[in-house]
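J.: As you go down the protein sequences, you meet chains W and U in turn. Heads up: the first sequence is residues 0 to 409, going by our numbering. Heads up: the second sequence is residues -3 to 413, going by our numbering.
It is worth saying that the hints were derived from the structure and are not from the lab. Possibly wrong hints are sitting among the right ones.
Simulated crosslink set (BS3-like; lysine-lysine; CA at most 27 Å straight-line) [claimed, not checked]: (1) W/Lys294 with W/Lys368; (2) W/Lys380 with U/Lys12; (3) W/Lys126 with U/Lys15; (4) W/Lys126 with U/Lys258; (5) U/Lys15 with U/Lys53; (6) W/Lys124 with U/Lys15; (7) U/Lys258 with U/Lys275; (8) W/Lys368 with U/Lys12; (9) W/Lys380 with U/Lys15; (10) U/Lys12 with W/Lys124.
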Amino acid sequence: MQRATSNNRRKALLAGSLIINLGLLCFFKYFGFFVESFADFVRIFGFRPNIHTLKIILPVGISFYTFQTLSYTIDIYRKRIKATNDFIAFFAFVSFFPQLVAGPIERARNLLPQFQSNRTFDLAKAKDGVHQILWGLFKKVVIADNLGVHVDNIYSDFLNLNGSILVLGTLYFAIQIYCDFSGYSDMAIGTGRLLGFRLTRNFAFPYFSRDISEFWRRWHISLSSWFRDYVYIPLGGNRTGKIGHIRNILLTFIICGLWHGANWTFIIWGLLNGLYFVPLIIAGKQKKYNDIVAKGKLLPSLYELLQMGTVFVLTLFGWIFFRAESLGQAFEYIGHMCSYHLFIIPKEYRGGLVYVVFILIVEWFQRSKLHGLQIETLSVKMRWTIYYVFIVSIFMHGKIGYEPFIYFQF
Amino acid sequence: MSRLSISNSEQMNLLKFIKRILLFFIPLVFLIVLLELSFYRVGETWHVDRVIELQGKYTECLYGREYFSQQMNYFKYKNIKKKAPEILILGSSRVMQVRDFIFSPLESTFYNAGGMIQNVFDISQFADLLRVGELQKPKVLFIGIDPWWLKNDWAIDGQSWLKEEVLQEDIFDILAHLTASRRFIQQGISVVHALTVGALGASPYYGYPAIGSAAINYGNGFREDGSRQYSPSIILDFIDNPQYVDREDPPVIDRIKNRQGKFSVINGVDRYRFDFLIKALAELKEMGIEVYVLMPPFSNEAMTALEDSKELSSWWKLYGKELPSKLDDLGIVSFSPSCPATYGLDDTFMIDGFHASEVLMAYVIKDIILGAQDNSLLKSVIIRKIDELINSGDTIPLAFQIPPKDLKMNEKEEKRF
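Produce the entire structure from the sequences given, and follow the hints as far as they go.
T.: The structure is reproduced here in structure tokens:
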């Protein structure tokens, strides 16, 4: 593609690459979904199709490395980077083990040059990398996995539980998925730093966002920026008038939802998040907040608290669809949430609140840092004590046994 | 492709980094070493093969792990392989109380493999092991059958738990060590205590050697004949207060009345499992083994509740009437469900609602021996000795031996138990 002189040829090569990569992704991930959805559609008209879906095993990480390689191809087409002749560097870029299965989705212009240049051992970065791994491990095995037990119990029996427990279930899931995914990202990034690589930051304390736009600049940053650069902007972005802008946002988020999984629940989740942007687009305020909330202050103002609370509640509502196995289940869950006994929380479900409060407090006070365990301002004794406390917590409270990362399924 | 180039200062930084990491992990490594030493010292991480070898060297030696899995199936499997018993008892924990001296003078040919069989598919798996010569066929086989084995939801069809578990040894599993360490710390066990007590130290009350923390601290474990010794605290409590206590939690009688757990029949009983059971037992008989099927005792109150329950009646009928009748047609000797009242006894002869004491099991076995065929090996058993044991002044409803009163657990362990 780089050597091609004719634009048509370059476009054809790009199209070929897109078709092959996306085709493989669609086949492995969406074949069954589209076939079954089509069957459901024709059944409305009274037909009874005899459907055989293939039981295809989804290759681990396919959504992530497909997007990673697509970014390479598209950036060459756009002449933002030069193609590489170094096969080893290229395949190392595609299959770099810390981020292969669940991101961060790296851009070639960021990661590929790092394989092609000399790296040096940086003591400070290596130490911080280890701290970040510890923080990520703690979030995953202590917070996410323990909350996951409550979430699974609640979602499997939600028809028999009262509203307050279902609300808790949603809250627990919000923290579970955040700690699970950001924990993995921290471990991946920390491992990269240990080896002298600089990987893209993937989470920047998203639950302290003041509007949905800020949330999506802080949540799964590598994915949202990928969709921004390769879907949203090519569609026209915000340069097509307000209606066009809304259309582009909704389309981008629907595709983002679909990327997460072959289920209508993910599509609705994506659509919801897109709809949350509409008031901001109409008001022209989608890029208002670029700095951390309450910068330099200990506590947020009442208004900021209200903003963060609103965004949090909106995302909680979206997570109901994300977690549910079907749209029917999601709507039933919502219906049961609005029951009597909304404020009664049985003892067996209260334990998870400790994890929720803990993570929110730690991340609040660390919100100006790269991760929760960047505590270099404390004395050596204090730091080591804290590190030991975390390790002992992982040892004593981490869930034993295989608990897969949620995003491995994507 | 770049190379990782290291200058002198980077080399020094790298060494500094490695030193810091090592220094940081030294206390944790020390803790792990202490924990592992403690486990080894009390015999928790002794391989089951070694335990079996040691048990054979003492007159009596108790084996009971507390922090690691007992590996009960593996333990019993290896014992059967080693001893090649002529009289074997199989079943769940409900037959574990049968002692070897009941079969005097044949006690050395007896082994209690209670606990190995937990569902009907396990019986078939055991028959397979005999058929292929993995285990030597016994001459006499007692099989205790539990009623819940006939439930639809008891084990997935065809899944033998015995098959899945026989060859595992927990001590090689890192996750098992992690779990064990965690429980050890959570229980606040003193590492010093664990290091000083040591395996083959005396088990509480009876004074004989013990391997494993449960055996050493509570006298809870498997004897050399495969029977289970429950913590002697139960016996001391009974001596102080000679009343029946259903020690299951929740009590068996409550489970029956509320149709909980083993006594729930939400998914119904299963004719497939019933037929499978009959077939498996017939297979064993066809191998030339003298098979005796027993339905281990329930407490009097549990038995009454089971017989009176309308909801459980079809299940109980299948187990208590149809099963013995079917076995009778096949020429397999079976004994209907019993309770202490069957032998003119009260519930003080029960450990809990569905576990009989070793004394009550002696009554059950005696009954079976009396009904054995003339050419049976069981006819060599001296019934008079069983009677002497049962009627001995040392025998109480729960046990043949009263623990010596001067041997006590230390106060801390007694409180914990």
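J.: Quick one, are W/Lys294 and W/Lys368 close enough, alpha carbons at most 27 Å?
T.: Holds, because 12 Å separates the two Cα atoms, which is no more than 27 Å.
J.: Are U/Lys258 and U/Lys275 close enough, with their CA atoms no more than 27 Å apart?
T.: holds (23 Å)
J.: Quickly compare the C-alpha distance for W/Lys126 and U/Lys258 to 27 Å and report which way the hint goes.
T.: The given pair, whose Cα atoms are some 54 Å apart, is violated under the 27 Å limit.
J.: Check whether the Cα positions of U/Lys15 and U/Lys53 lie no farther apart than 27 Å.
T.: violated (49 Å)
J.: Take a quick look at whether W/Lys368 and U/Lys12 sit within 27 Å of each other, Cα to Cα.
T.: Holds, at about 25 Å.
J.: Given the hinted pair W/Lys380 and U/Lys12, is their Cα-Cα distance within 27 Å?
T.: Answer holds: W/Lys380 to U/Lys12 is near 18 Å, not above 27 Å.
J.: If you draw a straight line from the CA of W/Lys380 to the CA of U/Lys15, is it 27 Å or shorter?
T.: Holds, at about 17 Å.
J.: For a C-alpha distance cap of 27 Å, please report whether W/Lys124 and U/Lys15 respect it.
T.: Distance ~16 Å between W/Lys124 and U/Lys15 Cα, so the pair holds.
J.: With the threshold set at 27 Å, check whether the alpha-carbon distance from U/Lys12 to W/Lys124 stays at or below it.
T.: holds (13 Å)
J.: Given the hinted pair W/Lys126 and U/Lys15, is their alpha-carbon gap at most 27 Å?
T.: holds (12 Å)
Comparing the model with each numbered hint stated earlier shows that hints 4 and 5 do not hold.
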